[in-house]
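Protein sequence lines, in the order shown, are assigned to chains V and S.
Heads up: the first sequence is residues 5 to 180, going by the numbering used here.
Heads up: the second sequence is residues 5 to 180, going by the numbering used here.
If you are wondering where the hints come from, they were derived from the structure by calculation, not from laboratory data.
Possibly wrong hints are sitting among the right ones.
For chains that are exact copies, the list does not tell them apart, and a pair is met inside one copy or across any two.
Said to hold, decoys possible - As a list, the in silico DSBU-like pairs of lysine-lysine whose alpha-carbon atoms are at most 35 angstroms apart:
| no. | residue 1 | residue 2 |
| --- | --- | --- |
| 1 | 172 | 80 |
| 2 | 81 | 106 |
| 3 | 81 | 172 |
| 4 | 99 | 79 |
| 5 | 67 | 172 |
| 6 | 116 | 79 |
| 7 | 116 | 106 |
| 8 | 95 | 162 |
| 9 | 153 | 99 |
| 10 | 162 | 172 |
| 11 | 172 | 73 |
| 12 | 172 | 95 |
| 13 | 116 | 164 |
| 14 | 81 | 99 |
| 15 | 95 | 153 |
| 16 | 67 | 106 |
| 17 | 73 | 95 |
| 18 | 172 | 153 |
There are 2 protein chains.
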Amino acid sequence: MPNVIVVRLGHRQGRDQRITTHVFLAGRALGASSGVLCGDRDESVIRGITRVSELWGGSFAVKYEENWKRYVLAKKKQGAVVVHLTMYGEKFEQKIHGLSGKDLVVLVGAGKVPREAYDLSDFNLSVSSQPHSEISALALFLDRVFAGKELNVDFNGKMKIVPNKCGKEVVRGTND
Amino acid sequence: MPNVIVVRLGHRQGRDQRITTHVFLAGRALGASSGVLCGDRDESVIRGITRVSELWGGSFAVKYEENWKRYVLAKKKQGAVVVHLTMYGEKFEQKIHGLSGKDLVVLVGAGKVPREAYDLSDFNLSVSSQPHSEISALALFLDRVFAGKELNVDFNGKMKIVPNKCGKEVVRGTND
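All chains should be modelled from the sequences, with the hints used to inform the complete structure.
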């Protein structure tokens with residue numbers, strides 16, 4: 005799968021801790037390669053994701069970047085396509101075919117997103133033009149980019165769930 | 005579209021306010037008919053969703069139910085299929101074809117979900133067997149149930165977004 009990096013813009017410590025963590029967990033579970041935290045430096049988010057990856061597998065990790073703009077511009081120079089998810093953007097369904105298979109940087113805003121994020125992005129895309137959640141928007145975006153194949157990835161973790169009709173079955177993975 | 009009700013189990017005031025709001029906003033934007041809040045009675049969540057529907061359209065509303073079990077059993081009696089989204093469940097992709105077009109009650113847990121929710125549900129389904137977010141899980145589940153058609157619904161709201169390549173364009177809707 006191509007390299008897809010989820011960049012959380014404008015994270016606010018305290019207020020956004022759980023939502024930002026869910027953004028990264030959704031990214032990890034649905035095929036993204038790594039996460040970048042911008043805004044407030046919040047070690048609790050980074051540690052939380054690290055713990056999940058240690059236990060449940062895969063190589064997804066989050067790092068902090070103080071200067072989101074410099075980071076995104078550097079990625080663009082390296083050839084990544086920058087997609088900003090915003091309810092105001094163009095319909096993502098119409099653009100997704102051109103994005104599959106490419107290295108992507110996906111910008112997901114917390115508070116008000118700076119104007120520059122719209123300008124720097126190759127695509128400003130909306131997942132429905134209704135207000136909902138950056139987590140659900142990211143989920144549907146990744147699902148379309150990966151055409152549903154992200155659900156079949158084996159994370160090869162220390163812990164592994166055995167799908168169960170009416171209970172919980174967790175086994176030690178082969179990586180333990 | 006069939007009647008799909010999103011039931012949030014075990015909401016904890018304060019701790020879950022934003023996540024629960026995102027659950028319902030995702031439900032609303034992605035085709036669910038209504039929401040039911042269980043756990044702590046939290047008027048701020050209900051008011052928030054009401055305001056969104058007033059402005060952006062549609063008939064989605066959230067009501068509070070003190071006794072989730074009684075509510076779910078009554079819905080079952082009326083013929084709804086009860087689906088509990090849990091990372092421990094069976095793979096949702098394998099069951100979705102049998103659920104499309106049916107009236108559904110979708111249980112989404114906040115804290116630890118009581119054993120009875122597993123037992124009462126017709127299906128315990130996982131959206132990937134990795135930990136992520138109830139918001140992303142609900143989004144992908146609804147998207148599959150409605151086969152992507154939920155993204156084309158016209159909410160006929162007072163406010164309406166015109167999809168834009170690089171900015172924000174909001175117009176007064178026909179319902180104003």
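Here's how the hints hold up against the structure:
no.	hint	result
1	172 with 80	between (43 angstroms within a copy, 23 angstroms between copies)
2	81 with 106	within (14 angstroms within a copy, 49 angstroms between copies)
3	81 with 172	between (46 angstroms within a copy, 27 angstroms between copies)
4	99 with 79	within (20 angstroms within a copy, 40 angstroms between copies)
5	67 with 172	both (32 angstroms within a copy, 30 angstroms between copies)
6	116 with 79	within (22 angstroms within a copy, 40 angstroms between copies)
7	116 with 106	within (27 angstroms within a copy, 39 angstroms between copies)
8	95 with 162	between (39 angstroms within a copy, 20 angstroms between copies)
9	153 with 99	both (19 angstroms within a copy, 17 angstroms between copies)
10	162 with 172	within (16 angstroms within a copy, 45 angstroms between copies)
11	172 with 73	between (43 angstroms within a copy, 20 angstroms between copies)
12	172 with 95	between (38 angstroms within a copy, 13 angstroms between copies)
13	116 with 164	between (38 angstroms within a copy, 19 angstroms between copies)
14	81 with 99	within (21 angstroms within a copy, 43 angstroms between copies)
15	95 with 153	both (22 angstroms within a copy, 13 angstroms between copies)
16	67 with 106	within (22 angstroms within a copy, 43 angstroms between copies)
17	73 with 95	within (24 angstroms within a copy, 39 angstroms between copies)
18	172 with 153	both (24 angstroms within a copy, 33 angstroms between copies)
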